[in-house]
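If you're matching them up, the sequences are chains A and B in order. Each residue of the first sequence is one higher than the last, beginning at 1 in this note's numbering. Each residue of the second sequence is one higher than the last, beginning at 1 in this note's numbering.
Mixed in with the good hints there might be a few duds.
To be verified - Derived contacts from chain B toward chain A, CB cut-off under 10 Å, selection only:
id, residue
1, Ser324
2, Pro325
3, Pro337
4, Pro367
Claimed, not checked - If you want the ones that stay clear, here's a sample from chain A, every Cβ over 12 Å from chain B, calculated:
id, residue
5, Ser44
6, Tyr191
7, Ala200
8, Val201
9, Ser271
10, Val308
These are computed hints drawn from the structure, not numbers from a lab. Ideal Cβ positions, reconstructed from N, Cα and C, are used throughout, including at glycine.
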Amino acid sequence: MAEATLTSNRLKGLGGTLAKQGILIAFIVFMIGFALFSEKFLTSGNVMTVIRQAAIVGVMAIGVTVVVIGGNLDLSVGSMLSFSTVLVVDLHDKIGPGEAIAVMLVATLVLGALNGFLIGYLRLNSLIVTLGMLSAIQGLTLIYTGGQNVDISHQDTTWFAVFGRGQVFGLPVPILIFAVVAVIVHVVLAYTPYGRRVYAVGGNPMAAVFSGIRRNRVVACSYLISAFCTGIAAVILGSRVMGSQNNVGQGYELLVLAAVILGGTSLLGGSGSVLKTVIGVLILGFIQNGLLLLGYAYYVQWLVTWVVIILAVWLDVAAKRGRLFSPIA
Amino acid sequence: MNAFDTALRVQGIVKTFPAVRALDDVSFDVRPGEVHALLGENGAGKSTLMKVLAGMHRPDQGRIFISEEPAILHSPLEAKRLGVVLIHQELSLAEQMSVAENIFLGELPRKNFGMVDWKKLYADAEAILQRLNCDFGPQTRVEDLSIAKKQMVEIARALTVEAKAVIFDEPTASLTDQEKEVLFDVIRDLQAQGVGIVYISHRMEEIFRISNRISVLRDGTYRGTLETVDTNEDEVTRLMIGRSLDTSRGGKVVSTGPVVLKVENLSCGDLFENVSFSVQAGEVLGFYGLVGAGRTAIAEALFGLRRLSQGKVVLNGQEITITSPRHAVEQGLALVPESRKEQGLVLGMSCRDNMTLPQIGNLTTGPFVSNGGEIAIFDRYRDLLSIKTPGWRQLVGNLSGGNQQKIVIGKWLAMRPKVLIVDEPTRGIDVGSKAEIHNLLRELAADGYAVIVISSEMPEILSVSDRIIAMYRGEITREFTADEVTEDNLVQAISGLS
Ligand SMILES: Nc1ncnc2c1ncn2[C@@H]1O[C@H](COP(=O)(O)OP(=O)(O)OP(=O)(O)O)[C@@H](O)[C@H]1O
Ligand SMILES: [Mg+2]
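Please construct the entire structure, taking both the sequences and the accompanying hints into account.
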């Protein structure tokens, strides 16, 4: 109920302060915890590693943030990442790196446009459409490769290596790409008319239409942005691995969504920001890395990630209600 | 005298929001069996006080007594159990659920194993709906109802408990005259049962008709209580806004401007048929009729929200086909829609962002939104409409109902449209601002705009329009000039009698 979420922004006492900063506090607690148990955790080398690894999820999550603020979901990004990575890697040897990237980006945008058409213009439910796309694109990828894995043969000589493995000014290129994408999308959302329209469409689609906003187009564009970001992520991934399995992107859709939610962008649409998502991505990255350093298996990460998301969402909702437990709404 | 002197009493209530002191040491009481009207300008704190009474807000200070028992309310449900029911200003129904479920929300009747007793639920709901003379059944889904009917469901909720006090926060803002009468009957019923009623409205005639006492709030402070029989509109208004009201309207200018908008034989499904009219620059054209007469549908069709099945629209001498709201905006049309919460505003966005939304694409320097340009527009219309808000960053959802309405009006005025269509423009707006908005509409016309006003309030239509079109069941029955119209022939025209 809108009334209830809008009523008490004001919080009193420690509980309130805690709840308001819930996500950041959870983050700090985790960082301190890991740092106590593992000396390596907070070294600059490790921090760089975490961010570099988080860059792929990060770039995708930034695109998905736009979709989510607009009031929709995008679960197709996982298999889209597989498809795009396979495509760019496979075409690399056949037509050259520059051309491969261009063709891949166009193909990815076509998939995004299909999402956008179905959800924006035909107004189909985004959960169903993108879930369907998730498996459809996986199928497409397998048809393309015939089930074979692909790789790049001259890994040491191609300039394509720079995206995943290169460094500029001592910074890993994936981090730079992550930062640039974040800044650009942030600027688009916060300072352009399009960004404003995304918030309006997510916040109240009917009022947006009554204000002369072309809701269909705004939503469709958000899927193009999401697809484009996934295309960029595919370049980083392909370049880092110099090869690709048919299903490299599997599970990424959930990681991406987790990062968006962790950051505090509401799945209801109409609120959120790139900055929040970046924080969400970093939290996720550090948790996974910390657990790894402590010697836990990768599947433990999933469990812990889930707990952290639930905690974050709870604290976030509690902050809006003004109390931790609430009998109403 | 009853065993209790008051059904509900509050003492020294203080409630603050960030940057807003909504209530400052307010005391107030309702006796059993009385109708106590609460008056005040938009943003005076009426709704906030009522939300405190109904357990939705916790006061920072102050005490609440129900039947002289001190009460601390943690939730609306708790307040309801103690006998205090609030009927909201802004509808708060679960759209996807049935009418019956909404009426008994939170207290559905149960059978064995905690299963919902649907039979009893529907029977009980049916009984209440009949008492309210509603023509829809308990199983209807709320989203299929018109605003007025939703309002009736909201009212039905109050009748499910043995209430000690029932609070009506602007219940009549979207009711038809007939529905209003039904509501007043219900209120008299409740009164007879010894229930204390708090009644909030900006309509003086209602207040003087049904209330026993009148209390006035101003800027969050309590300004006094008057016996209704001992006072008059002027005194109340002065208490409310600190001055008397100038209701004299600017002279009626017979428009000589060119025809801006002309429509011929417009039809749209079974909503309206063969509608023809024209508006000139410099005039206010009023559309009067009962709710459902097709006025809103015409406005929506002109604004590209409905497909026309037939007809011709000519704007500034050029025939156009409006295909979307976007297209309508580009052509210079503007529509202030009838439902601000659903159609007019993005509640989670700031005041400024809502105000500039339709023209955001033009408010740019390079590819970026121009912050200064936006704030200039916001400041201008905030001052023009005296919108009460701590700043442009405030979320629209945190404004009082009347101030929200002003944001919607400002948003479309800021577009400087050729044709401005306003649908129930002063719903929920206080008397002072209402007069200001009427003057503003007249001034806009004088500046050469073509203005179309749709209203269900006879005094409003009579005071702003140069010409009035009366509608009945989707057809235009008559057209009046300001000189020839009288209340009687207008009433006849909208009930299909002439
Ligand atoms: N949740 C909130 N957060 C911040 N400010 C609020 C909130 N609710 C109300 N206010 C502010 O408190 C003041 C009183 O609002 P309230 O809704 O009680 O006015 P009102 O008298 O009911 O006006 P109206 O006649 O327009 O309905 C306003 O300035 C409003 O902006
Ligand atoms: Mg109010």
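Hint check results:
1. Ser324: For B/Ser324, the interface hint holds, since the closest Cβ of chain A sits about 7 Å away, which is under 10 Å.
2. Pro325: holds, 5 Å
3. Pro337: holds, 5 Å
4. Pro367: holds, 6 Å
5. Ser44: holds, 35 Å
6. Tyr191: About 5 Å separates A/Tyr191 from the closest Cβ of chain B, which leaves it inside 12 Å; violated.
7. Ala200: violated, 5 Å
8. Val201: Since the minimum Cβ distance to chain B is about 9 Å, A/Val201 lies within 12 Å and the statement is violated.
9. Ser271: Contrary to the label, A/Ser271 does not stay out of reach of chain B, its closest Cβ about 6 Å off (not over 12 Å).
10. Val308: holds, 26 Å
Going through the hint list in order, the structure does not satisfy hints 6, 7, 8, 9.
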